[in-house]
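Kindly generate the complete structure, drawing on both the sequences and the hints.
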Amino acid sequence: MNRSTLSRAVGVLLAGVLGLSVVAGCSQDPEPAAGGPVTITVNGLPPGTEAVDRKKFLDDKAEFEAANPDIKIDAREGYMDPKTFATKLAGGQLEDLFYVYFTDPANLIARKQVAEITPYLDQVPAAGQIRPELMKVFTGQDGKVYGLPWRNYSMGLLYSKALFTKAGLDPANPPKTWAELRTAAQKIAALGEGTAGYGDYSKSNTGGWHFTAELYSLGGDVAVKDGDTWKAAFNTDKGKQVLRQLHDMRWTDNSMGERQQLEYADLLQLMAAGKLGMYLATGDNLKAIVNQYKGDYNDYNLGPMPDGRGTLAGGDGFMFNAKAGPEKIRAGLRWLAFKYNNPDRIEHDYQYDAANKNPVGLPEPNIWTGEAAKKQQAAATKLANVPVANYKPFAEGSADIPLKLEPPSAQQIYAVLDTAMLKVLTERDANIDALLADAEKQVNSILAAV
Amino acid sequence: MAIQPALRRHRRPRSVSDNLVAYAFLAGGLVCFALFSWYPLVRGVLLSFQQVNFVTDPEWVGLDNFETLFADPLFWTAWRNTLLFTGLALVFGYLLPLLIAVLLNELRHFRGFFRVAVYLPVMLPPIVSVLLWQYFYDPGNGLFNTVLRGLHLPESAWTQSPRTAMISLVLVATWSNMGAATLIYLAALQNVPGELYEAAELEGASLWQRLRHVTLPQLRFVMIVLLLLQIVATMQVFIEPYQLTGTTNPDTITVMVLIYRYAFTVNHDFGLAAAMTVLLFVVLGMFSAAYLWLTRERT
Chain A
1 MNRSTLSRAV GVLLAGVLGL SVVAGCSQDP EPAAGGPVTI TVNGLPPGTE AVDRKKFLDD
61 KAEFEAANPD IKIDAREGYM DPKTFATKLA GGQLEDLFYV YFTDPANLIA RKQVAEITPY
121 LDQVPAAGQI RPELMKVFTG QDGKVYGLPW RNYSMGLLYS KALFTKAGLD PANPPKTWAE
181 LRTAAQKIAA LGEGTAGYGD YSKSNTGGWH FTAELYSLGG DVAVKDGDTW KAAFNTDKGK
241 QVLRQLHDMR WTDNSMGERQ QLEYADLLQL MAAGKLGMYL ATGDNLKAIV NQYKGDYNDY
301 NLGPMPDGRG TLAGGDGFMF NAKAGPEKIR AGLRWLAFKY NNPDRIEHDY QYDAANKNPV
361 GLPEPNIWTG EAAKKQQAAA TKLANVPVAN YKPFAEGSAD IPLKLEPPSA QQIYAVLDTA
421 MLKVLTERDA NIDALLADAE KQVNSILAAV
Chain B
1 MAIQPALRRH RRPRSVSDNL VAYAFLAGGL VCFALFSWYP LVRGVLLSFQ QVNFVTDPEW
61 VGLDNFETLF ADPLFWTAWR NTLLFTGLAL VFGYLLPLLI AVLLNELRHF RGFFRVAVYL
121 PVMLPPIVSV LLWQYFYDPG NGLFNTVLRG LHLPESAWTQ SPRTAMISLV LVATWSNMGA
181 ATLIYLAALQ NVPGELYEAA ELEGASLWQR LRHVTLPQLR FVMIVLLLLQ IVATMQVFIE
241 PYQLTGTTNP DTITVMVLIY RYAFTVNHDF GLAAAMTVLL FVVLGMFSAA YLWLTRERT
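Protein sequence lines, in the order shown, are assigned to chains A and B. Residue numbers are given in my numbering: position 206 of the first sequence equals residue 206, and the series is strictly consecutive. Residue numbers are given in my numbering: position 85 of the second sequence equals residue 85, and the series is strictly consecutive.
Among the hints, erroneous ones may be present.
Stated by the list, open to error - Covered stretches of chain B, going by a simulated chain A footprint (3 or more residues, C-beta under 8 Å):
#1 84 to 94
#2 241 to 247
To be verified - Some chain A residues well away from chain B (every beta-carbon gap over 10 Å; in silico):
#3 G168
#4 P171
#5 V224
#6 N235
#7 T252
#8 G308
#9 Y352
#10 K392
#11 Q411
#12 Q412
Said to hold, decoys possible - A short, non-exhaustive set of chain A residues, derived as facing chain B with CB atoms under 7 Å:
#13 A86
#14 A90
#15 Q93
#16 R111
#17 Q113
#18 T183
#19 L191
#20 G194
#21 K203
#22 N254
#23 E258
#24 R259
#25 A322
#26 A415
#27 D418
Quick caveat, the hints were computed from the structure, so don't treat them as lab data. For each residue, glycine too, the CB sits at the ideal point set by N, CA and C.
Structure (structure tokens):
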């Protein structure tokens with residue numbers, strides 16, 4: 001071996017040894033020794049900028065650790081982000097217990113990236129009172145449970161009381177059909193000064209999400225199960241109707257504003273700025289509109305979904321890292337049973353929120369059944385600090401609207417449907433038939449892997 | 001030449017122990033390259049033949065990922081868009097800096113000011129530039145449409161129209177990056193011997209003839225190098241389409257955006273993303289090889 005070959009070999013060897021040691025160092029913490037305290041990493045710690053929520057979290061953590069000296073909570077900021085999930089998992093940085101939206105569990109279970117928790121569910125006494133259809137979101141095709149839901153939401157029509165009044169519309173009587181909504185949007189847009197009557201998304205998967213909500217409201221489906229497999233079900237007259245009415249509002253009525261390619265925060269900002277009449281939203285949007293964009297709870301009303309043949313129900317919950325062992329799963333479930341899935345603590349939490357000017361009483365479906373549901377309802381009624389009358393149309397109108405969960409692989413499907421939404425909102429001559437046919441092909445290939 | 005054998009005698013290999021310090025320094029560099037360049041590179045290639053979930057062992061899938069790629073209509077769309085972006089970026093971003101450099105070189109006053117002004121956008125973090133342009137392009141109250149409205153000219157949907165979306169991205173990229181190319185051209189222009197221009201003037205050459213027969217031939221090497229570097233850079237365009245038009249817009253989806261989409265937003269499939277990366281690597285590798293060959297010839 002000559003000198004240069006030798007030096008190259010030494011260098012590569014050094015790099016290899018160091019590389020292996022780094023990779024080995026990234027592996028997950030081992031399970032604790034029997035009898036020792038268990039430390040679990042969890043996310044969901046609110047950032048310092050949300051001082052009230054952060055203090056509440058840390059107080060809860062201290063109380064839990066005092067009551068459970070064998071468990072230590074290592075809390076991290078942030079929530080489950082699909083963009084960083086796989087890399088955190090690969091690098092051993094994924095929390096043992098992490099927050100997810102309802103759009104994620106099906107994929108995580110299919111990819112075997114989460115731990116099964118069925119044998120340990122006795123750690124959560126109230127688990128049996130959680131609505132079965134929500135438990136299904138966290139249940140695999142094999143019937144095993146992989147997580148627990150925390151909150152549930154359903155879509156409605158969020159609208160500006162001031163713009164309704166200014167346009168001669170009755171804020172107590174929101175549009176009940178898409179035809180009525182179209183007329184109302186025209187009247188609001190006629191106010192001028194850049195006011196949009198109705199707003200919708202078409203970027204970062206939010207367009208597909210709203211397409212789904214609009215399709216559900218007409219009684220349509222995004223995907224249906226055909227035997228053991230799922231198939232796209234939106235390339236129908238109802239799917240075309242969704243896109244056609246958006247296209248006509250955008251291009252014929254000019255009631256959706258010039259600015260498109262909008263994503264989640266955009267419509268909240270427009271609503272807070274008084275430049276938007278209506279958009280589809282969940283009750284929790286109100287908190288963001290008020291806290292982040294300086295809106296006022298009194299200025300906004302919530303009505304039921306137009307046409308009301310179905311409403312998209314989403315939500316969030318918690319799942320466990322596939323590398324978490326039994327001790328960590330038991331400890332994590334006890335933390336959930338204390339902080340998140342605890343009907344006996346709902347009133348305590350609402351009291352804290354009310355005392356700290358966090359909203360209590362925003363309209364959202366209950367995750368509980370039976371006694372737990374009654375406790376939640378009683379606490380919300382007793383401690384509500386938002387203008388509940390503004391949400392009366394939603395509460396009354398939504399009672400009979402069936403909740404429909406998101407399709408499997410929801411985020412992937414939403415990404416595909418974003419394109420159809422984008423095209424109808426940005427191209428006057430968009431070919432709706434071709435857009436839906438193309439999306440159908442892509443979604444079927446996504447669903448083939450479910 | 002006679003001096004060569006003498007030099008060779010002086011450079012006689014010394015023993016390893018004489019060079020321990022040098023090897024130690026070398027090892028640091030090698031370790032960094034191995035960890036942060038070579039290992040990810042090799043891992044990426046391996047990943048392109050695997051299905052992974054980062055929990056269980058990777059599964060070897062042969063060429064499945066590549067077959068899936070070729071069957072995806074977006075694969076071809078992304079390449080077509082990337083080539084279109086690269087072509088448009090060359091039209092604007094390649095010739096404009098040359099033109100500006102020639103103009104700056106001719107300036108007698110405020111040369112320093114204009115140099116800084118041209119280079120200023122390069123100093124902005126890319127995301128800041130893109131967000132700034134996002135405001136410019138806003139079809140409602142954006143700067144461009146406000147100006148057009150003021151001049152009673154037709155407004156544009158900019159990034160929101162399939163007809164203008166790509167060119168809008170190119171304008172952002174050109175504005176953000178042309179400062180560096182301009183400075184390189186300017187440096188090259190200042191190395192052109194003044195006698196050549198004097199001789200040309202004595203021969204009665206016009207401004208255009210001086211540019212055509214003196215300036216451009218003298219800049220030929222720099223122009224070729226910049227051309228190749230620009231092709232390599234623009235084919236990796238990501239931040240402009242990602243921020244301005246999103247990962248789901250087929251009119252502007254580029255190869256890098258599609259890789260991101262495969263890995264993080266739609267498919268969550270790192271094997272597929274790695275396969276696409278390998279293909280991009282091969283294409284860019286050819287341009288890089290041409291660059292290396294050219295610069296080696298010169299030196």
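Structure-based check of all given hints:
| no. | hint | verdict |
| --- | --- | --- |
| 1 | 84 to 94 | violated (count 0) |
| 2 | 241 to 247 | holds (count 3) |
| 3 | G168 | holds (24 Å) |
| 4 | P171 | holds (25 Å) |
| 5 | V224 | holds (21 Å) |
| 6 | N235 | holds (16 Å) |
| 7 | T252 | holds (17 Å) |
| 8 | G308 | holds (29 Å) |
| 9 | Y352 | holds (36 Å) |
| 10 | K392 | holds (33 Å) |
| 11 | Q411 | violated (7 Å) |
| 12 | Q412 | violated (5 Å) |
| 13 | A86 | holds (6 Å) |
| 14 | A90 | holds (4 Å) |
| 15 | Q93 | violated (11 Å) |
| 16 | R111 | holds (5 Å) |
| 17 | Q113 | holds (6 Å) |
| 18 | T183 | violated (23 Å) |
| 19 | L191 | violated (15 Å) |
| 20 | G194 | holds (6 Å) |
| 21 | K203 | holds (4 Å) |
| 22 | N254 | violated (12 Å) |
| 23 | E258 | holds (4 Å) |
| 24 | R259 | holds (5 Å) |
| 25 | A322 | holds (4 Å) |
| 26 | A415 | holds (4 Å) |
| 27 | D418 | holds (4 Å) |
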